[in-house]
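Enquirer: Protein chains in written order, with my numbering: chain A, 1 to 82; chain B, 1 to 119; chain C, 1 to 161; chain D, 1 to 133; chain E, 1 to 245; chain F, 1 to 520; chain G, 1 to 92.
Worth flagging that the hints you see were computed from the coordinates, not collected in a lab.
Where is the CB? At the ideal position from N, CA and C, for every residue including glycine.
Be careful, since some hints might not be right.
[As the list claims (entries may be wrong)] What follows is a set of in silico ranges between Cβ atoms, one per label pair, in the way DEER data are often shown:
| id | chain 1 | residue 1 | chain 2 | residue 2 | range |
| --- | --- | --- | --- | --- | --- |
| 1 | G | L7 | F | H214 | 38 to 46 angstroms |
| 2 | G | P14 | E | T21 | 44 to 52 angstroms |
| 3 | D | G72 | F | E3 | 25 to 33 angstroms |
| 4 | C | T70 | G | E3 | 27 to 35 angstroms |
| 5 | B | E105 | C | V36 | 47 to 55 angstroms |
| 6 | C | K51 | B | F70 | 51 to 59 angstroms |
| 7 | D | G72 | C | T70 | 51 to 59 angstroms |
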Amino acid sequence: MITSILLLIIAPLLSIFFVYMAVTEKDLLKAAAYSAGQSIAYSILLQAMSTPDIVMTYIAVSVGLYSALLVFVISKTERFER
Amino acid sequence: MIESILFWLGSALFIAGGVFDLIGAIGMVRFPNFYVRLHAATIGGIYGAVLPLMGISLMAIGIPELPGRFAIAGASFVTAIVLLVVAPVGSHILAYAAHKSKSVEWSPVVDKLLEDEEK
Amino acid sequence: MMKYIVVGLIVFIVYVSFAGSTSPYTLATATIISGVLSALTAKYLVVDERKLMEPWRLLVLIYYFFKYMTIIEFKAHMDVVKRTFTMDIKPGIVKVPVNAKSRYARSLIMGSITNTPGTVVVDEKDDYFYVNWIYVSSPDPLEAKKAISEEFENFAVKIFD
Amino acid sequence: MLEAFTYILIIAVLGLNALVSIYGIVYGRSLVKKLISLTILSDTVLVAVIFAGFYYAYPIVPPVYQDLAGAGREFLVKHASDPLPQALVLTGIVIGLAVNALIAFGIIQAYRLAKTTDARKVVEVLSGVEVTE
Amino acid sequence: MSRRIIILILLFTATLIASFTATIILNPATPSELKGLAKYYVLNTINETASPEAVTAIVWDYRGLDTIYETLVLYLAIVGGLAMFKMSEEALLKTRIGLTLLSKTSTKIVALLIASIAAAIVFHGHLSPGGGFPGGSAVAVASMIIIPVFAAGTLIEKGVSSTKLVAIRGAALTALGLVALLPVVKGLEIVTNQRFYPASILGLPISGSLSLYNLFESLAVASGFTAIALYLSIPEEAHKGGSGA
Amino acid sequence: MIEPQVIESFIGLAPFIPAFFGFATPVLYLAARNKLIVFSFLLSGLTLSTMISILVAIGTYATENPLVFKAGGWPAPIGIVYIVDRFSAVLGLVSSFTLLLIGLYSVSYIVDDAYPWYAILLLGNAAGILGVIYTGDLFNLFVMLEVTGVSSYALVMYYRHRADSIVSGLKYAFIGSLGTTLYLLAMGLLYSYYGTLNTIDFSYKLQYITSPAHAYAFGAIMILALWAFSIKSGVFPNHFWLPDAHPAAPTPISALLSGLVVKTGLVGLYKVLYISTWSISGGVYGSIRELTALAAIIMGALSAVFGALLMFIQRDVKRLIAYSTVMNLGYLFMGIGCLTRSGLEATLYYTIVHSLAKATLFMSAGVFIKAAGTRDLDKLAGLGSRYPVAGIALAVSTLTLAGAPPLPGFLAKLLLYEALFEKSPVIAITMIIASAIGLLSYMRLFYTILLGVPVVSWKQLDFKCAKIVLLLLSIVIIVVGIVFLFNPDFLSKIIGAASTQSTINIEKYAEYVKGTLRLP
Amino acid sequence: MQEYVELVMLIGTPLYLTAVILYSYRLIRGPTIPDMVLAADALSYDLAVFLMALAVYYKTPFLTAPPLMLALWVYLLDVYVSKYLVTREVGV
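Taking the hints into account, I'd like the entire structure generated from these sequences.
Expert: Structure, rendered in structure tokens:
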């Protein structure tokens with residue numbers, strides 16, 4: 001019981017940091033890494049809610065594909081937000 | 001009998017993995033630059049992840065009333081193997097990329113790679 | 001032919017142990033999948049088919065795996081754990097000569113070096129590895145090799161060359 | 001009490017994250033930054049939908065039967081996580097991915113044409129276009 | 001200590017304090033049981049859809065129409081990207097840099113491991129969590145790792161092109177659509193499962209159409225993601241020469 | 001005659017067939033690599049779905065009750081059901097017919113080599129529009145909105161070498177996906193508080209689930225849904241993407257977007273305000289519902305006035321037509337916000353007229369634009385006499401939209417005016433003012449193109465398909481106008497019966513659908 | 001047996017979650033990109049273990065696939081970011 005409660009507290013608190021940093025960061029590659037961190041935090045929350053179908057799909061899309069997509073986009077456009 | 005031995009061996013590995021993970025994390029925070037932090041991350045990757053995963057697979061086999069214990073054991077063993085293959089590549093290519101792009105400031109004792117490249 | 005069987009066997013084992021059951025359904029699908037995947041990938045994975053015929057290489061690999069995970073790794077871990085608290089570090093990149101020829105042997109050495117805390121391979125250029133070392137005791141290539149990669153190379157040559 | 005605290009905390013955090021990401025969508029300078037904020041917003045909403053079906057049970061397990069005969073029905077009804085929001089979110093994730101991939105393509109193409117990803121400058125480029133067809 | 005960090009810490013503490021006080025003042029009753037609709041799904045999934053997995057049962061049977069149109073959305077996005085990015089993949093064959101030796105060797109092994117794991121996820125999709133989309137995306141990891149490590153030209157050289165991949169995706173989705181459409185010939189509604197498809201073949205549990213859907217969906221997802229990665233990996237120099245603004 | 005029960009099991013095919021044809025197109029393209037084959041495939045898909053929608057429309061008028069299609073045989077709320085009442089059946093018929101004509105027009109309009117992708121996107125869009133109109137499940141509505149949305153974003157960005165189309169497509173995509181994300185949040189709230197996703201089931205749950213917390217949740221659901229739908233429809237505070245996106249697309253797509261895609265928000269609002277909350281009578285829920293409707297009316301009124309004013313100052317002909325869409329969607333939101341039988345009647349008729357006329361207007365303007373190579377209105381002067389068919393179509397559609405008497409626009413405006421006057425004279429007067437300002441712009445368009453003096457050279461184009469389409473559409477518009485205007489009986493049988501079914505007889509409607517529900 | 005599992009988890013949870021927080025600190029602070037990606041790596045390997053242990057704790061074999069996926073997809077992040085840093089163009 002205490003383990004899942006701990007997860008339910010820590011994961012959202014971590015996500016605040018990652019979301020805020022991702023939104024305010026000027027270096028877009030760093031922002032992509034923060035967004036990956038945010039996805040990891042959310043997937044802890046989802047796993048604590050015992051939804052493995054979603055976690056699998058969510059990790060695949062949000063940690064993997066979005067990061068790859070963002071790196072592709074950054075490599076084809078520009079890295080810093082002015 | 002054999003099962004409780006497996007369970008306790010697995011739990012010992014799991015907890016030891018936690019300790020190593022914590023030490024790795026401390027190293028991650030304390031070390032001064034990226035090239036040194038790589039080694040802390042390796043601690044977290046091998047004794048902090050591969051070993052406890054094997055521990056979990058032993059632990060799962062050691063609990064007779066656990067439903068689907070062989071599934072858990074098999075999956076965590078496969079995960080351990082995948083991590084063993086993947087973890088060095090992660091550190092290695094990150095170090096390679098950091099050195100190539102010169103994005104990290106550090107003061108090494110000796111940097112043969114840089115010397116050879118400048119030659 | 002051998003390479004297809006070996007690759008198929010690996011796929012079969014991974015599939016069954018990940019699915020975690022030995023029901024007829026799992027075994028049936030595992031057979032189909034291992035056939036398909038080995039037909040597709042074996043030619044890219046296996047370079048020299050003759051080496052697959054020598055089972056002692058596999059025994060050495062397993063022995064190496066256990067020795068590596070317990071003794072070598074433990075020593076290296078303790079070393080870096082100590083440095084985590086004392087902060088007694090002297091990082092640098094040293095050159096390490098390597099004699100192994102085949103790609104798999106070299107990769108095994110590189111992976112082993114990187115997986116031991118304290119050493120990370122940064123780059124590889126004509127018969128030299130450039131290794132990032134947490135405590136450079138000596139910048140000389142041969143001495144560095146003795147400290148870092150000698151044992152790995154012996155095993156790797158036995159297994160893959 | 002602890003459960004109530006986690007309940008409120010998660011709602012508060014999801015709300016805060018949604019607000020921060022909407023801020024990013026509206027005030028982000030770069031189109032890529034807007035895209036990142038959009039992904040965060042959709043992720044937050046998806047987690048919120050999952051949370052809509054969440055309830056406190058120990059342990060909470062996936063809604064899957066161990067065997068095909070259907071044993072353990074009573075246990076699952078008390079301990080299974082809600083399957084319907086999971087199905088909805090599965091749909092939502094894929095749809096979000098599709099939209100974001102399309103937007104990413106669009107951003108790259110816009111950069112090729114306008115040589116910038118700054119949202120305001122891109123709009124300036126738009127206003128200077130001769131209307132021909 | 002920049003302004004960003006200060007705002008972050010303020011937000012963090014404000015959230016914590018707000019939820020503390022809200023808990024103490026409101027102390028809401030937390031939900032402690034499943035909703036009625038969800039109970040129905042959990043209780044009846046085995047009898048009605050022959051699948052012990054309630055999520056897959058909802059995704060492909062109870063609410064199968066949603067999922068088919070969701071695949072359509074992803075398909076349209078990929079096609080839209082292809083329409084926007086029309087250019088030759090020849091440029092990929094010219095320069096092939098790739099990454100280091102270790103990453104190449106490991107990627108080979110990892111790709112094999114991933115493929116077998118993904119197959120396990122796909123083929124057990126109706127029995128355990130997972131299914132078409134997670135399995136297909138796991139296959140796509142393999143090809144998406146190969147692209148940066150070995151360079152995309154390697155794939156092109158082996159005869160993989162994005163148009164072909166989209167065609168594979170279209171073919172897989174056509175097969176998926178046929179699976180959904182076939183019950184119509186017997187006067188049943190589309191996406192009907194258990195009244196048309198058998199629950200098992202030769203004693204192997206396949207849950208009717210669910211395993212077929214999973215198979216085709218995974219093919220479609222894998223080829224679609226690979227297509228996205230492929231035409232995003234065409235270098236910019238190739239674009240500058242030909243068709244500018 | 002086919003029994004309605006048989007038709008019921010085929011309704012699902014109407015959106016599914018275009019989707020299926022879309023799936024099969026790339027294989028066909030790789031096999032044939034021929035534009036004509038791909039487009040005939042496209043047209044056959046659209047024809048099939050048009051035939052099904054005709055059948056469905058006949059079926060709904062053959063019985064008193066709506067048709068209920070259960071996907072996979074599952075009753076609501078367990079599975080997805082399509083609830084097709086007369087309102088949706090008529091809209092579906094008009095939409096699929098217009099889509100077919102737009103597809104035919106595209107044959108001669110799309111000449112570059114990305115045509116197979118264009119065909120797939122058009123088919124996907126057709127699937128999405130028909131799905132939005134037919135579905136009776138609020139989450140399925142979200143999926144269908146996204147199908148429509150994604151294909152529209154991609155189609156707006158179809159001209160990949162033009163900065164304006166890419167940038168306005170991006171803007172559209174950002175705003176649109178923000179809207180649907182909010183709608184998804186509303187669906188989460190809906191499931192969390194009411195435990196259902198089906199419209200009729202929701203309406204029955206509203207009767208006995210009441211608490212302060214539920215009132216807040218209901219308010220949030222309504223606000224989020226209204227916001228999302230107003231984004232999809234391009235109504236006042238969220239209209240800013242529309243005048244950029246609609247002109248930037250290829251002309252058939254402009255016709256599609258302005259004629260049909262913006263209506264998806266309207267249909268969604270119909271499903272939320274009429275079908276799923278009909279059971280509310282007074283109380284907190286009642287006032288929330290009234291307020292939402294009032295908000296829709298106010299947004300509609302503002303958008304009508306703004307659209308009319310901004311329309312007047314445009315020089316770009318496609319932008320002018322796009323602003324006219326903003327104005328007309330404002331009228332429609334005002335109509336749907338009335339919550340009365342006459343309001344719904346006026347909305348339905350106006351929607352049909354607007355879909356046909358706006359598509360015709362865009363497509364006829366497309367002929368002139370293609371001929372003159374510019375979108376500047378002044379440079380298009382006098383081209384109407386060079387292309388008689390397109391000229392006639394332009395004249396018919398402009399006069400329709402302006403509300404000239406024998407044409408259907410007149411009756412539509414009359415009905416809307418009466419409905420709004422019942423609600424409040426102020427709103428009715430707002431509509432008249434906006435309408436008067438709009439009239440000026442329509443007349444400017446009409447006079448410049450048809451009666452002006454040519455200033456640029458033009459190309460002679462071979463536009464056989466376009467000519468057929470425009471002629472057909474003009475005839476349909478004229479016939480619709482004459483039939484409905486001079487035969488009030490017909491009007492009450494078709495449009496009146498539809499709106500009666502969804503307002504006055506809604507209880508019977510819902511009881512029938514409830515009979516098909518299986519409550520867990 | 002269940003009480004022993006509870007005990008092991010009671011000892012293990014603080015260790016792993018503290019490590020998660022420390023890794024996240026490095027991920028948020030990490031002055032350079034490689035630092036951050038390395039921290040994300042270590043974070044997800046750590047979590048892979050912990051989430052796998054959650055399967056034993058919740059007594060269900062169905063929570064085992066996500067940790068593996070986490071490890072794999074973070075590997076993808078590594079590869080993409082380092083390839084970008086080396087060549088600026090991912091696909092070549």
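Enquirer: Could you run down the list of hints and mark each one as holding or not?
Expert: For each hint, the structure was consulted:
1. The supplied range of 38 to 46 angstroms is met by L7 of chain G and H214 of chain F, whose beta-carbon atoms lie about 43 angstroms from each other.
2. For the hinted restraint 44 to 52 angstroms between P14 of chain G and T21 of chain E, the CB-CB distance of approximately 27 angstroms leaves it violated.
3. Remark: the range hint 25 to 33 angstroms for G72 of chain D to E3 of chain F is contradicted by a beta-carbon distance near 45 angstroms.
4. For the pair T70 of chain C and E3 of chain G, the beta carbons lie near 31 angstroms from each other, so the given range of 27 to 35 angstroms is met.
5. Evaluation of the 47 to 55 angstroms hint for E105 of chain B and V36 of chain C yields a pass: the beta carbon distance comes to about 50 angstroms.
6. For the hinted restraint 51 to 59 angstroms between K51 of chain C and F70 of chain B, the CB-CB distance of approximately 32 angstroms leaves it violated.
7. At roughly 40 angstroms, the beta-carbon separation of G72 of chain D and T70 of chain C lies outside the given 51 to 59 angstroms, and the hint is violated.
Hint check: violations occur at hints 2, 3, 6, 7; the rest are consistent with the structure.
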